[in-house]
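**Student:** Here is how the chains run, residue by residue.
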Amino acid sequence: MSGQSTYTPKTGLEKWIDQRLPLPRLMHDTMTTFPTPRNLNIWYTFGGILTFCLGVQIVTGIVLAMHYVPNADLAFDSVESIMRDVNYGWLVRYIHSTGASMFFLAVYIHMFRGLYYGSYKAPRELIWIIGVLIYVLMMATAFFGYVLPWGQMSFWGATVITSLFSSIDQVIPHLGTAITTWLWGDFAVGDATLNRFFSLHYLLPFIIAGVVGLHIWALHVPGNNNPLGIDVKSPQDTVPFHPYYTVKDAFYLCCFVVLFAVFVFYAPDFFGNPDNSIKANPLVTPPDIVPEWYLLPFYAMLRSIPQKLLGVLVLVGSLVTLVFIPWLDTSRVRSCRFRPLMKQFFWAFAVDCVILGYCGSQSVDATAFGVPLVWVARLGTLYYFGYFWVLMPIIGLIETPKKLPASIAQSVLGEPAAAPAE
Amino acid sequence: MTATTVDVTRRDFLYVATGAMGGVGVVAVAWPFIDQMNPSAAVLALSSTEVDLSPVAVGQQVVVKWRGHPLFVRHRNAKEIADAKAVAVSDLPDPLARNANLPDSAPATDANREIKAEWLILVGVCTHLGCTPTGFEGDYGGWLCHCHGSQYDTAGRIRKGPAPQNLAVPPYSFLSDTRIKVG
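Heads up: the sequence lines are chains U and D, in that order. Heads up, the final residue of the first sequence is numbered 422 in the numbering used here, and it's a clean run with no missing numbers. Heads up, the final residue of the second sequence is numbered 1183 in the numbering used here, and it's a clean run with no missing numbers.
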C-alpha cells in the first residue's frame, strides 16, 4: 500500500518546501490519504493511544526531572517535595506514575490484538519483532523509573532485577558478579546505581520514540492487518485514514483518557505499593517484594523455578519466544475469527497470563484452595511456553479453518445481491 | 597483469590494516566508557568495619552495614550449633564453605563456616537475587528469604529453595574476645 504519492502541493510555499524537504508529502501520504481497511474495530485504536501515552510520559517526565534530585540521600525527599511543595507537582507525578500503568494496559491490549488477528504473520513479521523490541524497552524504562523514588520497593526491586545477572556465575564463575558490580558501580545498589538509572530513564523514551518510528514505517509498507485477516484486494476494501480513522482513534482516545483521569484523580495510588512510601533501607528487605502489576506474570515464572539459572533463563526465554511467533504459527489463516480451535487456546492463554499475574502478586508460600500457588505458576509457565512452541505449530497444521470471506468489502457490505448458485 | 595483481594485494592489505587499526581505536575508545561504570578506587578502598560483640546475647542476631550490605552477627545457642554440626556435608546443596578466610575448596562443614563456634558472621545477602533473609525463620531455624523462599540453616548454608550458594562468610578476624574486624 506504499504506492504512488497522491500529494499535490497547492501553494507556491508548499511547492518550495516539497522540493527541499518533502515532509508535508510524507504526512499527507501516511496520515491523510493512507488507504486503511474499512473494517478496523476498537482494538485497532490502541496504536494511536500508545503514541499518546509515550507523549504524556515524555512531557510529564521532563517536568519531573526539573524537580527531582538523583542522589541516594535526597531522592526520596525530592519526590516528597514534588508531591507536597511543587505547584501541581502531585498532578504531574500522578499522571506520570498512572501513565506507566495505562501505557502497559494499552500495550497489552495492542499485543493481544495482534496475537488474536494474526497481525504478526507474513508480510508483517518485522512490525511484530520491532514491537517486541519496543515492549522490552518499555519494561526497562519502567524498571529504571520505578527505582528513582528510592523507596523500599525501588531499592529492593533494583537489587533483585540486577542480581538476575549474577546467575551467569553458574556458567562462568565470577563473570555474573563482575557484571552486577559493573551495573551497580558499587558493592551494592547505591548512589552510583541511582544516578545511572536516572540517566538511562531519561534516555530510553527517546530511543523508544525512534523505534516507534520504525514500527510505523514498517506498518506503512504492507498496511494494516484487519479483523478478517485477509488482504486488501481492491480500493473498495479501504477508506482514507483521514477522516475515518483519525476520528475513530480520537473518539476512543477520549474514552481512554477518561479512564486515565479516573485513576489520576480518584485512585492515584491504585497501582502503587505502600512499601514504596518508606525510604530505601539497605538492611531490611520488605516481607514481600512485588513488582508492578505489568511485570507480575514474568515474576511468577521466575519464582516458580527452584533453580537460579534456570529461573532466569525461563524469564528471558518468555520474552525471546515472542520474537519467533511469526514462524511458530504455521496456519495459513491469520485471524482467529476463522480458527475455531486456536481461538479457544488463545483465550486460555489470556487467562493463563492473568493467573500467572495473580501467582506473582502473592507471597511465595501462598496457596489457593489448598493448592500451593507455586505449582499453579509452574503449570501456568508450562502453558505459556507450550502455547507458543507446541500448540501454535501443531494447531496450524491440523486445524480446519472456517471459510474466509471473498473480500473485506463483501464482508462489510453484504453478499452481492444476485449470486447465482454454482 | 602482474602489476595489477600486486596492486590489488597491496590495496587489500591497506583495507585490512586500516580496518584493524580502526577496530583497535573503537575498542580503545569504548573501554573508558564501559569501565567508568565500575566502582571507583574510592569505593573499592572501602572498607573495614569493627563490630562490638558484647551486647549480643546468646540466641540474638544483630545486623550491621558493611560495604553497603547487611552483615549478620549471630550469637548461636548450643542447640543451633548442635543442629548445624549434625548435618552431613553430602546432604548440602552447596558443599563449599564459601568462607573468605579459608581456601575456595574448603567443605561446608559447620567448623569451616566460623572462627568461633558461637559466633556466626555472614554477609546478609541471599545468594539467589540479593534480598536480605529474615533470621530465625524457615524449616531449618536459620534464615528464610521472603523474596523467593530460599531457606538457610543455623550455619547459613542453603538447604531449600532457588539460592545456589551458602551465605558468604566475609573476611574477618577477632581483635579481642568481644570485638571483630570485618573486611
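Bear in mind the hints are in silico, worked out from the structure with no lab data behind them. The beta-carbon is built from N, C-alpha and C at its ideal position, and this holds for glycine as well. Check before you lean on any hint, since a few could be wrong.
Pairwise CB distance ranges, derived in the manner of DEER restraints [said to hold, decoys possible]: (1) D/Ser1040 to U/His220: 58 to 64 Å; (2) D/Thr1178 to U/Asn281: 23 to 29 Å; (3) U/Gln4 to D/Val1024: 45 to 51 Å; (4) D/Asp1012 to U/Thr246: 33 to 39 Å; (5) U/Leu200 to D/Ala1168: 27 to 33 Å; (6) U/Lys233 to D/Val1016: 28 to 34 Å; (7) D/Val1029 to U/Trp389: 38 to 44 Å; (8) U/Asn87 to D/Glu1137: 42 to 48 Å.
**Student:** Evaluate each hint against the coordinates.
**Tutor:** Against the structure, the hints:
no. : hint                              : in the structure
1   : D/Ser1040 to U/His220: 58 to 64 Å : 48 Å, violated
2   : D/Thr1178 to U/Asn281: 23 to 29 Å : 27 Å, holds
3   : U/Gln4 to D/Val1024: 45 to 51 Å   : 49 Å, holds
4   : D/Asp1012 to U/Thr246: 33 to 39 Å : 56 Å, violated
5   : U/Leu200 to D/Ala1168: 27 to 33 Å : 29 Å, holds
6   : U/Lys233 to D/Val1016: 28 to 34 Å : 53 Å, violated
7   : D/Val1029 to U/Trp389: 38 to 44 Å : 42 Å, holds
8   : U/Asn87 to D/Glu1137: 42 to 48 Å  : 47 Å, holds
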